[in-house]
Amino acid sequence: MKKYQIGEFEGMALLTVGALIGNAYGVAIKAEIEKRLQRKVSIGTLQSALRRMEGKGFLSSQLGETTKVRDGKRKRYFRITAFGKKALDFNLQARPNLWKEVPRETIKFESC
Amino acid sequence: MLKRLGTRIFRLFCHSDFQEDILGDLDEYYQHNLEKKGRHYANFKFFIDVLLLFRLSLLRDKWSGQNSNYFAMFHTIFKTAFRVFWRERVYALINVLGLTVGLSASALLLLYVESERSVNGFHRNLDQTYQVLKHQRYSGDIQTSESIPGPLNTTFKDDFPEVEAIASYTWTFRPLFMKDDHRHQATGRWASEDFFKIFTVNFIEGSAKNALTSPSQLYISESTRERLFGQDLALTETVEVNGLGSFQIAGVFEDVPAGSTIDFDFIMPYRVWKEDNDWVNDWDNSGPRAIAKLQAGVDVDQFNAKIEGYVQEKMGEQETRTSIFVQPLKDRYLYNKYEEGKLTGGRIVYIHLFTAIAIFIVLIASINFMNLATARSTKRAKEVGIKKVVGSSRGLLLLQFMTESVILSFFSAILAGLIVMWVIDPINLLVGKQMTFSLLQPDKSLALLAMGLILGIISGLYPSVVLSNFKVLSVLKGNFRKPKGSIGLRKGLVVFQFMISTALIIATLVVQKQLDFINSKDLGFTKENMVLVPVQGQLNDENVRAQLKSRLLANPDFTHVAFSSESTLIDSETSTAGGFSWAEKEDELETNFNLLFTEHGFLDAYDIELLAGRSFDPALATDSMHVLINEQTAKLMNVADPLNHTVNFWGRTGQVIGIIKNFHFSSLHSGIEPLVISLRPGYSQVLNVRITGQNNQESIAYLENILKEFNPDYPFSYSFLSENYEAQYRSELIIGTLGDYFSGIVIFISLLGLFGLASFSAEQRIKEIGIRKVLGAGVFNLMLITTQGYLLLVSIGFVVAAPVAYFFMNQWLEAFTYSIDIGLSIFLIAGLASLLITLTTISYHAIKAAYANPVNSLKYE
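Chains as they are written, first to last, in the numbering used here: chain A, 1 to 112; chain B, 1 to 861.
Honestly, I wouldn't trust all of these hints.
Said to hold, decoys possible - Think about it this way: if two alpha-carbon atoms lie no more than 27 Å apart in a straight line, the pair counts; the simulated BS3-like pairs of lysine-lysine are:
id	chain 1	residue 1	chain 2	residue 2
1	B	3	A	73
2	A	68	B	36
3	A	40	B	36
To be verified - Which chain A residues face chain B? A few, computed with CB under 7 Å, are given here:
id	residue
4	42
5	44
6	47
7	52
8	68
9	71
10	74
Hints are computed from structural coordinates only; laboratory data are not their basis. Glycine included, each C-beta is placed from N, C-alpha and C at the ideal position.
Could you put the whole structure together from the sequences, leaning on the hints where they help?
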């Protein structure tokens, strides 16, 4: 289903936003992904992915309160929308289903 | 700093809705980095992240998105451009090929020019650094040289407040350095105390402080240190210099750059040399060279006027024909030719020539572009018409066509950069330079891209104006005719292209003919199979030389062995004006006699013809008083019978025992000067060995073995006289080789353009040819019709080029006293060649059109 199409990194970001419920803003998401996946994420990659998914309707966002920490600049908190959750479910479901179809022998053979 | 810049850039492109929170994120991350990794990293990271944030989804509305007219417009322009390139790929290819070849050729030429211009550029106080030079007046001639009167070194600074420092130095010499069991022969000079204050060297060990004051101290280059000490430090170590004693190393400097007119691997204290050469204290003798540092802001012309009579002043009563002047060291390399005491150019002429060729090459490539674009403009007339109808302004159309040409030339510039990177090393080998080029060098690659951009704008300008100028009505009604003016201009440009190509063909042929002439010219001696070995070490002993000679002659491969002060190519300044005299010599005769000192057998070894008298005879000890002279000297002596005439030479009175035929001991640039040959074994510097040439390798190996035996300390070195002879014409040879390549390139680019034009016109005239064929025209007739226009243009180009090329090449040949006549044959060959290659290029389309079945071209419509 095309409307649920999510890229690998997008999926990761979407999941992280879900996991960080209530505290999902740029730097936190970046740190979380870097911690879990042990890979570098540039701010550019992350931000553009977030805006893209917001455009597709998977995410919604709102600006937080002004704090002293960031020179008074507000944070933008992201949340998964219902549509986003559906897309995430769809993608997560698709994988185990596909995984089940793979004959065990092939895997063994491959891993040798 | 970087952070502030990054913020500003970010605010510039980012959508205003996103700015606040992303900047906040960036800030937070910046703080994090600041604590963890330091300020530099954090700043750098911030900036990089800003650049990485340049994403379509984050851009401002007017930068991105469907609402933006700019975006849409460029999108369309690019799309159209690539479609046009693809549809007309042959023409796009011709353009790219021409521009790429042209750009890479000119880039190489400009790199060469740049490296020539940068010679001596490494000096720190270049603007204040000068070479001291000398004019010497002889009867009917002024000669300019670097060798100056020795006492200048001590008086110059005191007598002129403008002089901050002056340093004398000598010509190069090659002693043997010994350290433990390391042996190394290095080339260096003696130089006086202030030398390092004027000449910039970077010390690795030691310093310029108090340099060259102690008579037992020595300064060596980095590579000399490596040869003597390996990886070790050398400061305060002692080395043995063969024949001069031991010296302490007081400094090691980085090797003198290749682009220096004064080169050396070591510097020894001048005062030591001066003690052994007291002639240098005499104002009447010249020998050492000198560089000087003048105060900032000194006017050179005024200063030169001031010092013109200086030597005369110092000489007092005694009349002198010597005057000194200074030349900025930065000009020394390029402006090196003085005639009659006036600066007449030198290498700078070639620099101008190469720059001109570089410009011409690019121009020819851009002419191709203009010609093809205007010729094919009819094909795009409808597009222009429609665009205008739907409201496109002229400026936008102009922009569209300019963009197309800039895309092509930009692409070509990048390709050219790759080509230059690829060929730079072979070219370096060819011209003996160390040029570097890489697309990663920002200055050079930016220059290349800028060249591409400018080229694109220049070549795109005219076609864009023509195309965007089309009248909507006439274009769309269908009775559109090509604008008349552009056809005339196109023809003019083709003529111009072929004018330059033919001129270059002629020039190349002249250079080649002159080089052939130089190589085949009867010099008056045999230059082939002559091996030269420096006389040094043990060979300075006359008895050793005699033994060596008999050992060598025992091998049948060696036909002659002779010792002399120089080979037959005399390049030293050993000469005398007053030292050679005879009873009738007039006082006013101030001619310089060149000197050659030989031992027995020299004339035989070189096959030099004896016109009268005899050569030196080993059986006659008195021959050391006598001299041999050449025809030129005999003529100058102006006596009834010069043979057996009594002459005085450097304190020895004897007779002229033989007159030899004139031989060319200097390059063919100058005439044959008077020569005096004297028998003085003590002056021997060169071992001249004539070999049979049958088995060169064995002969050289044998020579090496014998020399190792006689002179074990010195590494064996030798050269062939024929190579040294060619080296005299180094710049001409480079011109010859470069000329071959670059005229080839120019012709190639011109032909590319012609090929494109021919294919286009064949396409346009396909109906005409069909009808002619139906009406009975033969293949030959049709070919004539399609080709004659071009042949005419090429002929006109030739007619314009011939006199221009003749004029310039005659000027070039004037530098030689012995040169060829240009002759008619060169013009015939060049004319025929350009006609022939033109014909070959366009005949493909002509034949194709002539043989095509008229049914195919006529059945439609």
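Against the structure, the hints:
1. As the CA atoms of residue 3 of chain B and residue 73 of chain A are separated by approximately 16 Å, the hinted pair is consistent with the 27 Å bound.
2. Between residue 68 of chain A and residue 36 of chain B the alpha-carbon distance is near 21 Å, which keeps this suggested pair within the 27 Å criterion.
3. For the proposed pair residue 40 of chain A and residue 36 of chain B, the alpha carbon gap of about 16 Å is at most 27 Å, so the pair holds.
4. With 7 Å as the threshold, the beta carbon of residue 42 of chain A comes within range of chain B, its nearest partner Cβ sitting at about 5 Å, so the hint holds.
5. Here the hint on residue 44 of chain A is kept, as its CB sits about 3 Å from the closest CB of chain B, short of 7 Å.
6. Checking residue 47 of chain A against chain B by beta carbon gives a least distance of about 6 Å; that is within 7 Å, so the hint holds.
7. The beta carbon of residue 52 of chain A comes within 5 Å of a beta carbon in chain B, closer than 7 Å, and the hint placing it at the interface holds.
8. Because the beta carbon of residue 68 of chain A sits about 12 Å from the nearest beta carbon in chain B, more than 7 Å, this interface hint is broken.
9. The restraint placing residue 71 of chain A at the interface with chain B holds, with a minimum CB-CB distance near 6 Å, inside the 7 Å limit.
10. The beta carbon of residue 74 of chain A is positioned within 7 Å of a beta carbon in chain B (closest approach about 6 Å), and the interface hint is therefore held.
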